[in-house]
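**Q** Taken in sequence, the protein lines are chains A and B.
Taken in order, the first sequence gives residues 56 to 392; the numbers are from our numbering.
Taken in order, the second sequence gives residues 34 to 350; the numbers are from our numbering.
Don't take each hint at face value.
Sample of chain A residues at the chain B side, in silico, Cβ under 10 Å [unchecked claim]:
hint, residue
1, Val119
2, Thr139
3, Ile258
4, Val259
5, Tyr260
6, Ser265
7, Ala283
8, Ala301
9, Trp316
10, Asp376
11, Ala379
In silico EDC-like cross-links for lysine to aspartate or glutamate, where the CA-CA straight-line distance does not exceed 16 Å [to be verified]:
hint, chain 1, residue 1, chain 2, residue 2
12, B, Lys154, A, Asp117
13, A, Lys339, A, Glu183
14, B, Lys164, B, Glu148
15, A, Lys392, A, Glu243
16, B, Lys164, B, Asp177
17, A, Lys116, B, Glu148
18, B, Lys154, A, Asp319
19, A, Lys116, B, Asp177
20, A, Lys339, A, Asp94
21, B, Lys154, A, Glu250
22, A, Lys116, A, Glu101
23, A, Lys392, A, Glu250
24, A, Lys339, A, Asp105
Calculated from the structure, these hints are not laboratory results.
Cβ coordinates follow ideal geometry from the N, Cα and C atoms, glycine included.
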Amino acid sequence: MKAKRMLKLFAVLFAMTLTAAACGSGDSTSTTTSECGSDLAVAAGESVTDLSVALVAPSAKDDVAFTQSMVDSLTRLGIEPQITDGTFVVEEAAAAIRGYAEDGIDIIVAHGTQYGGSLAEIAPDFPETSFIWGTSADNQGIANVFAYYPEADQGGYVNGLIAASIAGADGIGVVGPVEAGDAVAYIEGFTLGAEAGGSSTSIVYTNSFSDVALATTTAEAHAANGVAVLTGTSQSAVGAVNVATANDLPWFGTQSNTEAWSSDLTVASQVYHWDVVLADMIEKIEGGTLGGEAMALTLENGGLVMEFNGCYDLDSSVKSDAEAAIADIIAGEIVTK
Amino acid sequence: MSQFFTVSVLVATLATAIKFAVPYLLAALGETIGQRSGVLNLGVDGTMLLGAFGGYYTVIQTGSHLQGILVGLGIGLAVGIVYAYVTVFLHAQQGISGIGIFLFGLGFSDLLFQELVGTPKPIRPLPTLDKLPGVGRIFEPLVDIDIVGPLLFDHNLMTYMAFLLVPATTWLLMKTTFGMNVRAVGENPQAADSLGVSVAKTRFIAILIGSSLAGIAGATLSLQLAIFQHNLTNGIGFIAVALVYFGAWRPRWVMAGALLYGLVTATRIRWQSLDIIPQGASDIAAMAPAIITILALVLLASRVRGPAALTRPFSRH
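If we strip away everything but chain B, and leave its shape as in the complex, we get (with noise of 0.2 Å):
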């Protein structure tokens, strides 16, 4: 055990855990969005897989990570208006019209990926801050410093942007006309719509900001690991599903359990290669992440009501 407990060791862990957390939020806080508006997209794993293939194909193409992202968010943004339409327009189940969704995902990212490529072909990963062309050498030193180097400044771009999202999403929702409308038509969207809100109008644009954010995540994780296969995110959008609710709908709750979720999948698999796990254990160890989690948010946010709307669809007759 004490050779876990060194300085490099924890803060390896720990930029780790900052890592395997990103794709996690980016779904999470879009989730977030579309939930607070009373929409629940259980699409988000299936969305993700086709951003991600998108990323990840985009790479192969053009070499660009920039287009590979934007392309994330494009097939993220066109099933999000196919979704959308579905639930808010034709009223459809919100549960079974996103597993259609997942399973659509799932199977043709798969379809596209065997037709388009083929064998798994590595990609060169997301580059950190200090290898970017023009702005590295500003950053090169900062990820020299002891500790906070590492921690802080040895990651890509996309995990900034993640984090910088959490407080962005919270202003949106909370500081911004917009995210009054959203936090409204979740709770009472008769309510709101009697006072002359589009409860159709804030849900659709809701939906299409989380599930563009699905697409980015996707491709984020697709260019993080360098490559794209069968079913690569393996459930990462449930759990993003799962931290929203676990987080109390609170963008900076849903930061902590990604973080959390993060932080206990890294040091679990530092303490099994640091053999402090015994192999015989690993199956039990595999479970910690998902049951730590869940007990720290559940304790957590036990006390906070979600959206009283949440899958109710809307309409006016």
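Okay, chain A solo, but in the shape it has when bound (with noise of 0.2 Å):
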């Protein structure tokens, strides 16, 4: 009996022993590191699904920003989606997406948060195609409409602790593009991470996602003020980075792995893997379910990755604090907004 119960207890103890290991991984879902010099384009998966997709993006498709994102979070599902993207301009995509759904595509993707008045009109008049719009974390109460959302505040708490650990009392400049959205999120989570890794951030918002003019000349004047690291966020953050490369500052990307604009200096970036919450909204609509709902990117289910540089020389240590922070934001011990 005795040596039953102590099987039991050696059985229980192994099960924890290889979760823990599981947990403390460097490889779990939510981080990621580079290997220095690697080609980092995405291979593309086995389809997911025989529907067709479309996909409607304001910027170009290898921006290496959000557009991208979805590119590539596509690309992994399989998918290789009818595309148009450059869609600054608001009447100019809802153009296409009615065109997409009036060709009788099945799942069409609006990836932008302006879309969303044009998708109130179009949705409805469409009641078979299936629309998936961000980010929003509202649906509108559309039946027919999925909503995605990134919690970028929690991989911006992550890089704004890694930058505080750079910086220390020389402060993080923050080229922000327009106050919305993501971007918000990503600052605003990132300034909470720079404060607890006792660092500081001066923010300026820019008022563009796509003047690379203003975001150099921004990140021109973080440089002249003497910090330490940047950081940045959208399309438009190229000129940053290229003012980081410039002046030998360390960079933080967020939305794609920003290590193709700055290969040495990139430290680690925040990247969507908006293929997480497709996957399960595209198993839904096949099941019937066309709409209804909104989805979250979180660190947790592995939506929000966080892709460190192997080019870049991170101290282990600064990298095992960012994964044991990590690890307390998915606990919810960490409150990053």
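Please assemble the complex out of the two chains, which come individually in their own frames, going by the hints.
**A** Shown next, in the form of structure tokens:
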């Protein structure tokens, strides 16, 4: 009897050890480290659906930012969508969305918060089509619309914490685009992380998602003020990355992996893996549910992945602290907003 | 506020303003010549975009900034030939054909970028004078001079070219036969024609010069920023056209407008980075450069009349 109890205890302890080992591993779903010099191109996964998919997005499909994060996510799901990109003008996007719906496309991804008003008009006209729209935490109560959004403050916090360990009292310059959406969430989370790490942020919103010249000038102002680290978001951030490179300042990215812009100075990027929520949505669509809810990307569900740059020599203790912070965020012990 | 009024911050802000003003100035000087001949070109932004991509792609392929600028010039020239033919010989409505050039430039530059480059790939930025091969050693000590160094010597060659073009454009317009012809066909093409001045030829050449400068402005922008992406100019060409109006068609006032716009932008960003402007006011702050520049130049130029024949096609019949 005693031996049986001991065996049970041993089995439980063994299972707990395995679980702890899995959670503590650097290769958990919420962090990865790239191999220095490796190709960043996303490999196509096995197709998860036979349904036809189209994507309408505001910036270029390979912008190393918001739009590319969606294209990469669809690629991981083995989906080759029809794409209309560069539709900063909402009317153009609305025409493309309606056009795809009229052509009988099964799933239309409207990848821009600003498309919400157009979708509210278009989606009810095509009840057999499923529209996937973001970023938004609300599907506007439309039965055939799924909404998605990133809890960007979570990865922002982790980036901020790491950045603080590098910047210290010199502070961190933040190049923000428009004061809205996931940009604000990222920057607010980043600031909390930086403060928790004992540093501070200087934030400038350029009021444009695409003005590279303004992003460049802003980053130059930060550099002239003596900051030790830069971060930023949106496709205009490429201008800030160039300033980081010119001034040898470490850079923290978000949305997509920005190593493509700066392979040496990108420390880490919070990468949006929309495929996590897209896979759920597609499964529901195939089951006959065309919409009706909003889904979030989080560190917990693997939708937000912290990608460390293998080319950047980050202190292992800092990386361990970051991974501990990720675990605490997932456990709800660290609040990031 | 006190942290802004330190020598180093003020000098850095002024230096940023000068750099920021360069593409505006180049494009606006070219547009000044065109408008003085009576031709409004709303396609400046599109020409800049094509020049920006051409310059950027050339640097990717060859590594040569000089070739990049020359390609920008060539693209501007080619677009200018099309625009001049349409407006001067086909007598097309200038506003509409200019918008056509803009839309073409916006779409075609993006198409070429997607097909030939794809992901935005940073290039080596235009070097400042002290980093130029060969002559760099001459300028190195100058850059280190307090205040004057960063303000006057820490710029790339295109910055000096842009500001040297201000007196050159004034000289061209005011002191040469061609400039006199440009002004004449811009004021009264019928009278100029009756005196034997070829209105078509004069306007054609003025458009080519203006468009070439727009192409150079675009190439300078992408090489300064060391990147190209969709709609890189973000309306710089349209602001340049406005600067010509508000600068009263005078090169030195146009320069003043470009510098003022750059200075207000640089100051706004510096104030935000120093937390002098609260984050919540970023929307209002973003409008400041346009509003202040327009107010200043309207006050300055309100008593000056523009070319009388501006936007009017000329035909003998």
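**Q** Each hint should be assessed against the structure and marked as holding or not.
**A** Okay, the hints, checked on the actual structure:
{"no.": "1", "hint": "Val119", "result": "holds (6 Å)"}
{"no.": "2", "hint": "Thr139", "result": "violated (12 Å)"}
{"no.": "3", "hint": "Ile258", "result": "holds (6 Å)"}
{"no.": "4", "hint": "Val259", "result": "holds (4 Å)"}
{"no.": "5", "hint": "Tyr260", "result": "holds (4 Å)"}
{"no.": "6", "hint": "Ser265", "result": "holds (6 Å)"}
{"no.": "7", "hint": "Ala283", "result": "violated (14 Å)"}
{"no.": "8", "hint": "Ala301", "result": "holds (7 Å)"}
{"no.": "9", "hint": "Trp316", "result": "holds (6 Å)"}
{"no.": "10", "hint": "Asp376", "result": "violated (28 Å)"}
{"no.": "11", "hint": "Ala379", "result": "violated (30 Å)"}
{"no.": "12", "hint": "B:Lys154 / A:Asp117", "result": "holds (11 Å)"}
{"no.": "13", "hint": "A:Lys339 / A:Glu183", "result": "holds (14 Å)"}
{"no.": "14", "hint": "B:Lys164 / B:Glu148", "result": "violated (33 Å)"}
{"no.": "15", "hint": "A:Lys392 / A:Glu243", "result": "holds (7 Å)"}
{"no.": "16", "hint": "B:Lys164 / B:Asp177", "result": "holds (13 Å)"}
{"no.": "17", "hint": "A:Lys116 / B:Glu148", "result": "holds (12 Å)"}
{"no.": "18", "hint": "B:Lys154 / A:Asp319", "result": "holds (14 Å)"}
{"no.": "19", "hint": "A:Lys116 / B:Asp177", "result": "violated (43 Å)"}
{"no.": "20", "hint": "A:Lys339 / A:Asp94", "result": "violated (34 Å)"}
{"no.": "21", "hint": "B:Lys154 / A:Glu250", "result": "violated (33 Å)"}
{"no.": "22", "hint": "A:Lys116 / A:Glu101", "result": "violated (21 Å)"}
{"no.": "23", "hint": "A:Lys392 / A:Glu250", "result": "holds (13 Å)"}
{"no.": "24", "hint": "A:Lys339 / A:Asp105", "result": "holds (14 Å)"}
Checked against the numbered hints listed earlier, the structure breaks hints 2, 7, 10, 11, 14, 19, 20, 21, 22; every other hint is satisfied.
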